[in-house]
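The task is simple: from the sequences and hints, build the whole structure.
There are 2 protein chains.
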Amino acid sequence: MNIAVLGTGTVGATIASKLDSLGHTVKMGSRTANNEKAQAWASQAGRRASHGTFADAAAHGELVFNCTSGAGAVQAIQSAGAANLAGKIVIDLANPLDFSKGMPPACMHRGDDSLAEQIQRAVPDARVVKTLNTINAGVMVDPARVPGDHDVFLSGNDAAAKTEVERILRDWFGWKRVTDLGDLTAARGMELYVVFWVRLWGASGTADFNIRVVK
Amino acid sequence: MNIAVLGTGTVGATIASKLDSLGHTVKMGSRTANNEKAQAWASQAGRRASHGTFADAAAHGELVFNCTSGAGAVQAIQSAGAANLAGKIVIDLANPLDFSKGMPPACMHRGDDSLAEQIQRAVPDARVVKTLNTINAGVMVDPARVPGDHDVFLSGNDAAAKTEVERILRDWFGWKRVTDLGDLTAARGMELYVVFWVRLWGASGTADFNIRVVK
Chain A
198 MNIAVLGTGT VGATIASKLD SLGHTVKMGS RTANNEKAQA WASQAGRRAS
248 HGTFADAAAH GELVFNCTSG AGAVQAIQSA GAANLAGKIV IDLANPLDFS
298 KGMPPACMHR GDDSLAEQIQ RAVPDARVVK TLNTINAGVM VDPARVPGDH
348 DVFLSGNDAA AKTEVERILR DWFGWKRVTD LGDLTAARGM ELYVVFWVRL
398 WGASGTADFN IRVVK
Chain B
198 MNIAVLGTGT VGATIASKLD SLGHTVKMGS RTANNEKAQA WASQAGRRAS
248 HGTFADAAAH GELVFNCTSG AGAVQAIQSA GAANLAGKIV IDLANPLDFS
298 KGMPPACMHR GDDSLAEQIQ RAVPDARVVK TLNTINAGVM VDPARVPGDH
348 DVFLSGNDAA AKTEVERILR DWFGWKRVTD LGDLTAARGM ELYVVFWVRL
398 WGASGTADFN IRVVK
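Keeping their order, the protein sequence lines are chains A and B. Taking my numbering, the leading residue of the first sequence gets 198, the next gets one more, and so forth. Taking my numbering, the leading residue of the second sequence gets 198, the next gets one more, and so forth.
Worth double-checking, as some hints may not be accurate.
Identical chains share a label here; the pair holds if one copy fits it or two copies do between them.
[To be verified] In silico BS3-like links for lysine-lysine, alpha-carbon gap of 27 Å or less:
| id | residue 1 | residue 2 |
| --- | --- | --- |
| 1 | Lys234 | Lys285 |
| 2 | Lys412 | Lys373 |
| 3 | Lys215 | Lys412 |
| 4 | Lys373 | Lys215 |
| 5 | Lys234 | Lys215 |
| 6 | Lys285 | Lys215 |
| 7 | Lys412 | Lys285 |
| 8 | Lys285 | Lys373 |
| 9 | Lys298 | Lys215 |
No lab work stands behind these hints, which were simulated from the structure alone. Here the structure is a predicted model, which means the values were calculated and not measured.
Right, here's the structure in full:
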């Protein structure tokens, strides 16, 4: 499948490399056409891999992963272009963290809105699904790095898109427990959770951890 | 032990009843001396149980549980009185949830501050420990309502106070896994988590659930 990965950071590279290894044709998008990190990623990835602007990548992808920083995400999506994203599933992994006062970060909102909803409003014809933002990059594509059962969550307004994303999480990335938290307003809590995650990380001594819901 | 429970809602009544059942002498505090819910609680609790103003309760307690609403917590603590709380452990269970736009609630902050820190600033000579705010009232005092292993968290600036609170969580309430997340700034994430908790609740179909950190 032709897939766009927006963002050149650790999350973008991890997702892009996993998709590339699965045989997909991945184009990594960034603000500029000649981003060094995107070039470096594409040159070490498989022959099918390429890179370009956010718009180049969005035009290429039948499926889009948004792995940009929280601060740059809405602008990245706007640069990608509403027409290039119309009708497509946009899997949003970005976290709206505010590092302006250093570590630990705050969130850019207090749960009265979410980055995922902002993105959905920016490209109303796209099918935004929030997921994977609650775990570290390595665990996203290899949940077995954390032993035993643990959970990944998703939310979105398009039921068919969520079904497809759940299939991707299970079949491509190996997730066994996928919990649908409802419509895209659930992304508010998913994004706020990450401020808590940072403190769990500090107490855990490793970023290879996750939570399991027990009931 | 003489214990103050500030707040007359579900959390306050649940904590107060558990402490009463353990043989402690509990005074439930509220804004007024003749609060109906506090009267009703005291009349059905053991002979030792009583009620009064926030200040009455704080003066009585060697240990203080803050179970007020997020919106009323700082004012309740101020009413309780800095002198009545000086040197005492104040276990803060309150969640700064904003229901002004209905359900699901937002948080009153975005992780750049916390209610627990506001309380600590209001009564600097008290020893504030944040804990138990990440689970439903019934589970707080009876973690076995949720099967298997699951976690309760605490944070605070006073190491000895945290050690004492951990002992209370284990010996009085039956918690087996208690994780210290660090100083009181960790309360920011613990409080933001509750916005996520509300969506987990919706997906779980029961409030008798919790999370387990897996690593």
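Outcome of the hint check:
1. Lys234 / Lys285: within (26 Å within a copy, 54 Å between copies)
2. Lys412 / Lys373: both (17 Å within a copy, 16 Å between copies)
3. Lys215 / Lys412: Answer is between: at 22 Å across copies they meet the 27 Å cutoff, but 32 Å inside does not.
4. Lys373 / Lys215: within (17 Å within a copy, 38 Å between copies)
5. Lys234 / Lys215: within (17 Å within a copy, 57 Å between copies)
6. Lys285 / Lys215: For Lys285 and Lys215, the Cα distance is within 27 Å only inside one copy (20 Å; across copies 53 Å).
7. Lys412 / Lys285: Neither way: Lys412 and Lys285 sit 35 Å apart in one copy and 35 Å across, limit 27 Å.
8. Lys285 / Lys373: This pair counts as within: shortest intra-copy Cα distance 25 Å, inter-copy 46 Å.
9. Lys298 / Lys215: Classified as neither: same-chain Cα gap 33 Å, cross-chain 41 Å, threshold 27 Å.
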